[in-house]
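Here's the letter readout for the chains.
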Amino acid sequence: MQQVIAQTPEDSLQRRVRLAPRSRWPDALVRVFVKACGGFVLATTLLLIGFLARTGLVGMKEVGIWPLLFGSRWKPEDQLYGGLPLVLGTFVSALGAAVIGATPAVLAAVWLTEFAPAPVRSSYRRLMEIAAAVPSVVYGWLALVHLVPLIGTLAHAIYGADSDVGGEGLASSAVLLGVMIAPTVLLLSVDALARVPHNLREASAALGASPWQTAFQVVMPHAWRGLLVAVFFGFARAAGETMAVQMVIGGARVIPANLFRPTTTISSQIVMDMQNARPGTPGNNALFSMALILLVVSVAVVLVMRTLSRPQVRG
Amino acid sequence: MKHSTAVDSLRRGRSRERLLKGLLGAASMSLALTYVVALAHLILRGGAKLVSFTSYAYPVSDIEGEGVMRFVVAACVFGAVAWGASLIARALLERLYGSDRRVNTVSQLFVASVALLGALLLRDRLPRFLVSFPSETTAGGGVGPEMFNTIYFAVLSTTFTLPIGVGAAVYLARFARSPRYVSALRTALDTLASLPSIVYGLFGFLVFVVEMKAGYSLFAGAFVLSLLNLPLVVGVTEESLHAVPRELEDASLALGATQVETVRHVTLPYAWPGILSALVLSIGRVFAESAPLIMTAGTTVSRTNAYSLSPFRGGETLAVHLWYVNSSGLSPDKADVSAGTAAVLIALIALTNMLAARLALYGGALGSRLTKATR
Numbered sequence: 168m169q170q171v172i173a174q175t176p177e178d179s180l181q182r183r184v185r186l187a188p189r190s191r192w193p194d195a196l197v198r199v200f201v202k203a204c205g206g207f208v209l210a211t212t213l214l215l216i217g218f219l220a221r222t223g224l225v226g227m228k229e230v231g232i233w234p235l236l237f238g239s240r241w242k243p244e245d246q247l248y249g250g251l252p253l254v255l256g257t258f259v260s261a262l263g264a265a266v267i268g269a270t271p272a273v274l275a276a277v278w279l280t281e282f283a284p285a286p287v288r289s290s291y292r293r294l295m296e297i298a299a300a301v302p303s304v305v306y307g308w309l310a311l312v313h314l315v316p317l318i319g320t321l322a323h324a325i326y327g328a329d330s331d332v333g334g335e336g337l338a339s340s341a342v343l344l345g346v347m348i349a350p351t352v353l354l355l356s357v358d359a360l361a362r363v364p365h366n367l368r369e370a371s372a373a374l375g376a377s378p379w380q381t382a383f384q385v386v387m388p389h390a391w392r393g394l395l396v397a398v399f400f401g402f403a404r405a406a407g408e409t410m411a412v413q414m415v416i417g418g419a420r421v422i423p424a425n426l427f428r429p430t431t432t433i434s435s436q437i438v439m440d441m442q443n444a445r446p447g448t449p450g451n452n453a454l455f456s457m458a459l460i461l462l463v464v465s466v467a468v469v470l471v472m473r474t475l476s477r478p479q480v481r482g
Numbered sequence: 137m138k139h140s141t142a143v144d145s146l147r148r149g150r151s152r153e154r155l156l157k158g159l160l161g162a163a164s165m166s167l168a169l170t171y172v173v174a175l176a177h178l179i180l181r182g183g184a185k186l187v188s189f190t191s192y193a194y195p196v197s198d199i200e201g202e203g204v205m206r207f208v209v210a211a212c213v214f215g216a217v218a219w220g221a222s223l224i225a226r227a228l229l230e231r232l233y234g235s236d237r238r239v240n241t242v243s244q245l246f247v248a249s250v251a252l253l254g255a256l257l258l259r260d261r262l263p264r265f266l267v268s269f270p271s272e273t274t275a276g277g278g279v280g281p282e283m284f285n286t287i288y289f290a291v292l293s294t295t296f297t298l299p300i301g302v303g304a305a306v307y308l309a310r311f312a313r314s315p316r317y318v319s320a321l322r323t324a325l326d327t328l329a330s331l332p333s334i335v336y337g338l339f340g341f342l343v344f345v346v347e348m349k350a351g352y353s354l355f356a357g358a359f360v361l362s363l364l365n366l367p368l369v370v371g372v373t374e375e376s377l378h379a380v381p382r383e384l385e386d387a388s389l390a391l392g393a394t395q396v397e398t399v400r401h402v403t404l405p406y407a408w409p410g411i412l413s414a415l416v417l418s419i420g421r422v423f424a425e426s427a428p429l430i431m432t433a434g435t436t437v438s439r440t441n442a443y444s445l446s447p448f449r450g451g452e453t454l455a456v457h458l459w460y461v462n463s464s465g466l467s468p469d470k471a472d473v474s475a476g477t478a479a480v481l482i483a484l485i486a487l488t489n490m491l492a493a494r495l496a497l498y499g500g501a502l503g504s505r506l507t508k509a510t511r
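These protein sequence lines are chains P and D, in that order. Per the working numbering, the first sequence starts with residue 168, numbered consecutively. Per the working numbering, the second sequence starts with residue 137, numbered consecutively.
Please note that the accuracy of each hint is not assured.
[Said to hold, decoys possible] Which bits of chain P does chain D cover? Going by a derived footprint, with three or more residues having C-beta under 8 Å, they are:
(1) 226 to 240
(2) 280 to 293
(3) 331 to 340
(4) 394 to 407
Simulated from the structure, these hints should not be mistaken for laboratory data. Even glycine gets a Cβ: it sits at the ideal position worked out from N, Cα and C.
Next up, chain P with everything else stripped away, as it sits in the complex (with noise of 0.2 Å):
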């Protein structure tokens, strides 16, 4: 073995060479193929809002767009089509879900970065990354099956035993989202607090404040733009979500008395009419408003977002 390497400069230059082939790709060619992955993925993206654009437009010239943003009832059998129930619904369970959910996570991102045992920490985290890997659909399921009875428990304890309320509705939603979220929240605050300098600490602690003042008077300021992402990145995700919501919020197209009563969402209207209006009619174009609607919002807060997390990937 020693031989056959020790042997004249070019015949170790050979060896290279047949170590690392020449490749038989042209250049040429792979350059046009990356360039147009690129143009594949901006020309798919056109093409999405394009689509849904010129049907959702045509939805809204026939409805208008303060029907569809203002009504108060969707009911496409008799050519209502207000947004209103399924707008405040779509919004009231992605903030319930936020205070619910995202809170929480973000207090025990902070309690995991600064207080908790080395051991606690790892496990804790991967506990987290196994909850933010279970499909959504399969919380609904769980939600379904043991959320909503409880919570119908409660609104009866609350609103007396023969009123009308149930385990259906709002408070489920958000319940059920906020549980859906907080793991993924939890690790991505979990990541911009990792990223605070721990210099900033040290200089803490040295002026004589104590971990805990630490905490919350140094790293979480200091943090604060990444957390904000990691709660909007939830609130995206609760506002988007579709199945799990359907499953657990009842259904009816009208504006709850509260939060017990049965509503819905944006998404899950969509699901369900879909199966329903055929396409072309006004009923079916007025399903594309809406998602027009959810389209134009989310792209909203994901350009929020980039604006708030821009100075941090600089820093």
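Knowing the structure of chain P, use the given hints to seat chain D on it.
Structure of chain D alone, referenced to chain P:
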């Protein structure tokens, strides 16, 4: 006097902080407990459904491809069990005798042979739930076709996502020349990343079902899912391309390799674990996603072509099935079926992650060989 009050207040503050810290810790642990309970419930309840061998008279159906499918499922099930056993045995052996290269070979042989033997001999003794057909109205439905579709979707959408995603990432990380094109591309990717999955579903519905009148198909579903995954795959791949040490590429260029050859032989092998983790994340989303699939691939499976490899037929996945059973299913045992479906789904996701961890090791070996070569 002054001094003692200061110390006192400090002490009082400290005990309050200790209390708050304890409360925060307890709250965090109870948050974790929620997920532990949920996962334990899933595993126990679903596992009970999976191993219940009630009335196992095998229905010899005439659906094309069912025999092959049973063979594959048996190989996967027994292979996974053997793999788990071999991991435990290896951990024990290594603790007792230290590591040995032969242990690796033996355990690989063991896993392969158990999988093959199980597939050959025991493929008709599988848990009925895993291989039988779903049933709308009667008890005892299974998830055989759903499992097949779920895995097939993962394969199909990966064949779209891998070349395009990696290509776009390579372009952005190495070949980008025009800043305007790049910023347009980044905006497009950010937009795609922000869209709720239902919007993708509507797009797929418009293009494939309404415009092309092709009906529900796996192809449409896989296309939509790969669009959904593109921003993720491009982002993670680009990050791992940026993590490749500059010296390695410079060395390759200095040896006379062109930029394309450098990317092919140095950059991509080094970034392989990162690309792989991007793919695993995207496969996880394929397994989990339901809304876009309902609108592009439908909510049913057909008895005539349930196991056909043609991508131009409709078919539901496990996630869609889980939703469908609970929202419009009429079978009396839908709680059981849901538990089993959820458990199979989780098991598939776990298996994908474990497999990817193995694959990343091999890729990592390539990377480390490169590092050694330049040292």
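Report holds or violated for chain D covering the stretch 226 to 240 of chain P, Cβ cut-off 8 Å, minimum 3 residues.
It is violated, with 0 qualifying residues against the three required.
Given coverage of the stretch 280 to 293 of chain P by chain D, checked by CB-CB distance under 8 Å (3 or more)
Contact hint for the stretch 280 to 293 of chain P vs chain D: holds, 3 residues under 8 Å.
How about the stretch 331 to 340 of chain P: do at least three of its residues have a C-beta closer than 8 Å to a C-beta of chain D?
violated (count 0)
Closer than 8 Å Cβ to Cβ for three or more residues is the test here. Does the stretch 394 to 407 of chain P pass it with chain D?
holds (count 3)
Going down the numbered hints, you'll see the structure goes against 1, 3, while the others check out.
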